[in-house]
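*Asks:* Listed below, chain by chain, are the residues.
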Amino acid sequence: MSDQSGTPGAAPGGTGGRTGAVTLVDQGNLGPRTSEGSSFFGAVTPIFRFLYSLISKNFGALLLALIVLSIFGTFLQGGATLMGNQIKNALVLGAIYALVAIGYTMVYGIIELINFAHGDVFTVSGFYAIFIANTLHLNSLATSSFGGLLLALAIVFPLSMIAAGLTGMAIEFVAYRRLRDAPRLAPLITAIGVSFLIEGVMLVREGPDYVTTGQASWINGTAFTIGKVAVGYTDLFVVGTALLLMFALGAFVQRTRLGKAMRSTAQDRTAALLCGIDINRTISATFFIGSALAAAAAVIYSINYGDVKWNIGFRLGIIAFTAAVLGGIGNIVGAGVGGFLIGLIYVFGGSLIGGAWSEALIFAILVLILTFRPVGLFGVEVTTRA
Amino acid sequence: MVKPTKGVLSIASIAALGVLAACGTTSTPTSSSAGATGIAGCHGTITVASDMPLTGGDATDGPFPAYAAQLAVTQANANKLMGGCTLKYISKDDSTVLKNGHDPAQGAANITALAADPTVMGVVGPFNSSVALSEIPVASRNHLALISPANTNPCLTAVVAVCSDPTIAINTASLYPGPHTYFRVIASDVQQSEIDAYVAYSVLKAHTIYVFDDQEAYGRGLALLFMKYYKADGGSVVGSVSLPGATTTFSTQLSVAQSKGAQAIFFGGTTGNGCGLVRRDMGSAGMNIPLLGGDGCEDQLFITNANSGAKTSEANGSYATSAPDVTKLASSATFFSQYAAAYASLPAPYNNGTKEPYTAYGYDAMNILLHAINSVLVGNGGQPPSSSQTFRDDVVAALRQTSYDGALGHTTFDANGDTTNTGFTLYKVTNGAWVGVNTYAVDTSGNVSVKS
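Quick note, the sequences are listed as chains A and B, same order.
Under the numbering used here, the first sequence has 226 at position 226, and the numbering climbs by one with no breaks.
Under the numbering used here, the second sequence has 326 at position 326, and the numbering climbs by one with no breaks.
This is chain A alone, in the form it adopts within the complex (with noise of 0.2 Å):
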């Protein structure tokens, strides 16, 4: 699942069979034009298809000088200290997306299907863990000493990711298992039928308004200052905590058996089957751990924030899935750079021409990619399949 991954084309010999079958990134029809009608356009062309490749080729760098720009464009227009503050929130925001967006990597690596139900999952298991601190006492724990902050996050962490990978095989269980060799519309239309089961169930429990956590007063205070930009203790922890995890889980598929399995699976799934893969646990543990990693997000969140609100996921989750095309979907390191991305052009974007703009410019970003470099940053080269 790193480089190659499941990205149709990406490894034509393995989803070969099922090229046929709609897919949103399908890019056999997204490179240039070979024959044009007119003779105008045909003395054109060579042109474009220059310029096609060109930004192609150098889409990265194009992308990360637009956010070098936009971050010097910031220091000019507010000074060091807008440009440290806008740092922060970017990272602190980047990482949530990029925990998110590895969910949405992973089982599109290796069932090629867009689990909508994804940021929905992410919302639930932010009410996983107001009940479980809520039941245990978290709040009181965690507010009383150092000792017992440990120990609540050490208790919120695992049994909120557990209770969201259980809903997520669940969830894999009941609306895709049935449909994996259905045509890819069928599940992507259970996806958003999921979706809006979970919204739905959340917003008649949990009603309308944001419902307080009560887990923001665990972590407080400022860690350090720089210049005038005061770095807290949450801060720290939501950027840090996400990396741990990111690295745990890049281990994880690279060194376990699991991980192989994961790998080989998405890579060709008859071929895993035929060296003795369980394909069904396999499916199951990648949903597992993406929705684990999901809850882990929403712990974070909740702590960062101290709200969850019945569709916060919808939003978040759109968003995150443009970081996991950012990043070449599929590829897990991918989603985890393009969340950290996102963050940085939807709070950059935002501080220079206005917040209005922010989610305008995000879609904007997958539309580009979409058409430029449909493998994303970390794909092979989208010219060799062209």
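Hints are computed from structural coordinates only; laboratory data are not their basis.
Check each hint, because a few of them may be wrong.
Stated by the list, open to error - If you want a taste of the chain B side facing chain A, the calculated C-beta under 10 Å gives, among others:
#1 Asn100
#2 Gly239
#3 Val241
#4 Thr247
#5 Phe250
#6 Ser255
#7 Val256
#8 Asn307
Yeah, the Cβ is synthetic: ideal placement off N, Cα and C, and Gly gets one too.
Assemble chain B onto chain A, guided by the hints.
*Replies:* The following block gives chain B in isolation, referenced to the frame of chain A:
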């Protein structure tokens, strides 16, 4: 027009509702019901209605003015205000499950259904300006009086500078395909924003401000008007941003506001769209400057949201203007005790009218409507006019002449159907609750003064 004596109403309600013990303190002696003598021989049925969001997310607001309107009808019946005619009351709910609260389409359907009933002479409602946009044309086409207790969007009645803003885009003239049958007993956002600007500049002494809005007609309109009047007062708007209601974090824009040296934050919008979350994020960002909002922020949810962050008392020191704190008006004391007596059996919080700022507005709106109907009957020899449409037109004409002393004080309507009884109270969060500071009034040339 008819000026009811408070004592009549309370004695009537005691008799009607059989709650002698609960409010037996009124002493004003009165002999007969106002104007009832001439219409004792009236025959026929007259129907009045209310249209409020009663379920879903609005269940915390809409039922209060609806119950208050119903109380006014109950009292009028006990009081034989319509003489021999039967007075009926219909309560409509403009909420839908789909919207989890007020739904403009449902509102329009409600008014259409009410207008089709020839005995319906007027409706108290709606609660939300967005619903008013779809109800006003229906009411106008059917010559039906519509009196809102809570719509504050200025563009519903008159064209002001912000009506053409793309976010608001209200063509006031097109709302009235027929006669202008819409009235409101609450002041509009023009007055509210003038007062907000005054509060920000002269009370909070913030000479630079950063403005948020929630991209909705109410919030965007309030923010635009606020910026206009704030600049006119001499203040400087260092930045502004429109963010969707689903925004979960405001730290990026707060960092910008901080770097531009804002001395206060203004939020045009509702708590559901992030007013409390802005305050929460101000706490995380260590910004010790005031937050000021409009009536969309003045609720319990604001305090809950603002205190949900790392600083659990962050809401303290936040400001919002809202409907005047009518619980402080001497004129409203009788009403609130009558409300409490009549609805003692309802579950909390509905058994206490003071739990919602618009309760008394629903009561006065219905009373104004009932007295307009009464004056038409009296003027017509005690009988309803022959045709339903004439009756409705006469009621609207009588409403224009309104001069009513009720729970809110003295109400008259200007040419646009707007109340002349303006005023907004500045509230401040103190120890986890909104507490009224001062009530401000604004005159037609925009001068703000302390009313109480």
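*Asks:* Next step is simple, just say for each hint if it's right about the structure.
*Replies:* Hints versus structure:
| no. | hint | in the structure |
| --- | --- | --- |
| 1 | Asn100 | holds, 5 Å |
| 2 | Gly239 | holds, 9 Å |
| 3 | Val241 | holds, 5 Å |
| 4 | Thr247 | holds, 8 Å |
| 5 | Phe250 | holds, 8 Å |
| 6 | Ser255 | holds, 4 Å |
| 7 | Val256 | holds, 6 Å |
| 8 | Asn307 | holds, 7 Å |
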